[in-house]
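K.L.:
Residue numbers (the numbering used here), protein chains in the order written: chain S, 1 to 365; chain R, 1 to 290.
Hints in this document: simulated from the structure, not taken from any laboratory. Hints are not guaranteed to be accurate.
Computed footprint of chain S on chain R; a stretch qualifies when at least three of its residues, placed anywhere within it, have a C-beta under 8 Å from a C-beta of chain S [stated by the list, open to error]:
#1 41-55
#2 151-158
#3 182-194
Don't be surprised by glycine CBs; every beta carbon is placed ideally from N, CA and C.
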Amino acid sequence: MRYRVLVPCGVGALVTALALWVPVAVLAQAQSGKAAPTPNALSGGSASTALVWDPEAPPPTGWTPPRTAWGDPDLQGYYLNTSYTPLERPAALKDKALYTKEEAIAAFKKAVAQDAEVDPTTIHYDWKEYGMDAWQSPIRPNRRTSLIVDPPDGRIPPLTAEARKRQADAAAYEKAKGADVTTPGLYTRCITGNGGPPRIQGGVTAESQIFQAPGYVVLSIESNYDVRIIPLDGRPHLQPNMKSWLGDARGHFEGNTLVVETTNFRPDRNWRGSGAGMHLVERFTLADAKTLKYEFTVTDPTTWTKPWSAEAPIARIAPPLYEFACHESNYGLINWAKGTQIREAEGSAVGGNARAGVFQEEEEK
Amino acid sequence: MHSRLRSVMIALGTAIVVNVLWLTAGSMSGQTPAPAYRAPRAPDGHPDLNGIWQAFTTANWDILSHPAEPGLRSDIMGAYGSQPGGQGIVEGDELPYRPEALAQKKKNFDNRMNPKVTNDPRRFDFGDPEIQCYRPGVPRATYMPHPFQIFQNADQIQIVYEFKGALRTVYMNPHREAPEESWMGWANGRWEGETLVIENTDFNDHTWFDRAGNYHSDELKVVERYTPIDATHLQYEATIDDPKIFTRQWKMSFPLYRRIEPNAQLIEFNCVPFVEELMYGPLGLYKRPK
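All chains should be modelled from the sequences, with the hints used to inform the complete structure.
P.N.:
So, in structure tokens, the structure goes:
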């Protein structure tokens with residue numbers, strides 16, 4: 001995590017990221033000034049349980065989801081795709097899918113405190129000192145103990161034998177090849193931001209925008225400045241041979257929910273091990289005036305023994321997004337590849353594996 | 001009698017009116033290049049520019065007039081990649097370079113295929129940004145040989161370019177200030193009748209206008225004008241202001257064509273993996289897959 005943020009960022013991107021956080025903090029302060037204190041990271045979670053994200057709660061009364069001038073549900077805005085809720089449920093919690101609100105606040109406080117810790121004995125960049133972490137975010141406590149809601153154990157289903165073999169083959173190939181700029185994942189190479197869709201909530205460059213025009217939704221994320229164009233006119237998907245990193249998305253509204261189905265992913269995209277069968281369905285619903293409910297289901301019979309689904313509240317933030325020209329200033333990739341090649345040549349890999357750092361990075365996404 | 005006379009009078013009157021209108025239209029067409037056309041309206045009442053558009057010029061090779069030339073690597077590419085001839089898109093077909101800037105333009109051209117990747121900003125001094133899959137900047141993004149899509153609502157207009165999936169947000173209401181310079185610049189827009197006017201500022205000095213090495217500095221300002229001239233065409237105009245490089249403002253213009261295929265969509269063109277060998281190979285950091 002620590003290492004990852006600065007790998008693809010140049011100085012410009014760093015300055016951009018700094019600039020971005022200023023309006024976020026201002027907005028959050030303005031909100032807490034005029035309304036009841038929000039139990040989020042800014043308040044240390046010390047406020048009442050009233051605004052804990054509760055997936056079982058009914059929609060707020062006296063609030064009508066907005067519509068665009070042309071009649072579509074209006075999901076537009078800027079959102080911070082970050083969470084203190086782990087993707088997979090900690091093993092100790094077993095079948096416990098939901099915290100009580102009090103437990104949610106306690107878990108939240110613990111996660112916030114851990115996030116703020118910096119181990120002074122390790123090499124780290126000081127971005128936390130500039131607010132570039134989730135500490136100053138509008139994230140709220142979540143009653144869910146994991147983002148994964150299905151399977152019921154809150155864990156990613158086991159890999160298929162085919163997927164395990166694919167991964168072993170890829171690792172063997174990489175080992176024989178030796179490190180180069182293609183060794184790290186798509187994020188470090190600036191091919192996609194945060195590994196591409198779906199949006200697993202990460203700690204940095206998690207800002208995103210939903211923009212709408214008649215017949216279309218445009219989803220942008222600041223990470224790598226990736227754009228997904230979603231036609232709503234019911235057109236068929238591209239021919240199956242037309243694969244891409246971000247996939248081919250088609251959307252429609254069901255009530256107030258935007259449903260996006262994405263296919264045609266490149267098999268070598270390797271999203272958490274995914275292969276040729278990757279299929280994604282996402283659902284975006286405005287849950288209240290400042291929270292977007294995001295749900296997704298991934299299916300890939302070549303990779304997982306069954307589909308799996310996650311759900312997360314995503315908090316609104318202040319505009320705008322800034323250009324994240326990742327590849328243009330990917331200085332870190334050169335440094336990483338050079339350094340790793342030197343370590344490989346010396347046969348003195350750190351911890352027995354010269355590439356441990358990067359693989360760990362990719363896993364954390 | 002009366003009614004017949006009235007008919008004659010009406011016919012005469014109509015003929016005069018039609019004649020006057022016709023003459024007026026004839027004389028006006030000499031002054032204004034674009035005929036008066038009222039585009040379909042967006043929900044907010046402004047012209048609706050939503051759609052996929054594409055320029056059909058050879059300006060990405062050279063914004064000035066240029067003949068056909070062999071390919072840049074005709075030894076291995078043959079007719080692939082050769083340069084088609086084309087007439088310039090610049091008003092007056094000349095660029096008012098300052099003398100020292102013209103020398104740099106020539107240097108750019110000579111080294112356009114020779115990127116040199118460093119782990120610091122000196123990397124931006126070598127090679128055409130396009131060959132390295134860098135964001136193309138403005139106005140170059142408009143006449144790359146790829147379509148782009150305009151998404152328009154009352155508050156913002158987003159323009160997404162197929163090349164690299166580069167994104168520009170045009171702030172209509174409210175306007176916003178740039179936090180710092182960037183590749184695609186910072187855009188605030190307004191409507192002037194049928195024309196979308198975009199003021200672009202805060203560019204970095206890394207992008208070029210074309211493969212011929214025409215370039216700008218970080219003082220670049222671009223005012224773009226998009227005017228619908230019929231249901232499937234926009235007239236595009238860009239005024240370039242960069243006192244560090246040019247002795248005066250200059251202007252380019254060309255039409256944009258609507259992609260009317262019912263299934264038209266931007267096809268992902270993520271060129272980053274296409275350039276890894278070119279960029280990192282000379283550093284020994286790319287191993288060609290066996």
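K.L.:
Does each hint hold? Answer for all of them.
P.N.:
Going through the hints against the structure:
no.: 1; hint: 41-55; in the structure: holds (count 4)
no.: 2; hint: 151-158; in the structure: holds (count 6)
no.: 3; hint: 182-194; in the structure: holds (count 3)
In this structure, none of the earlier numbered hints is contradicted; all agree with it.
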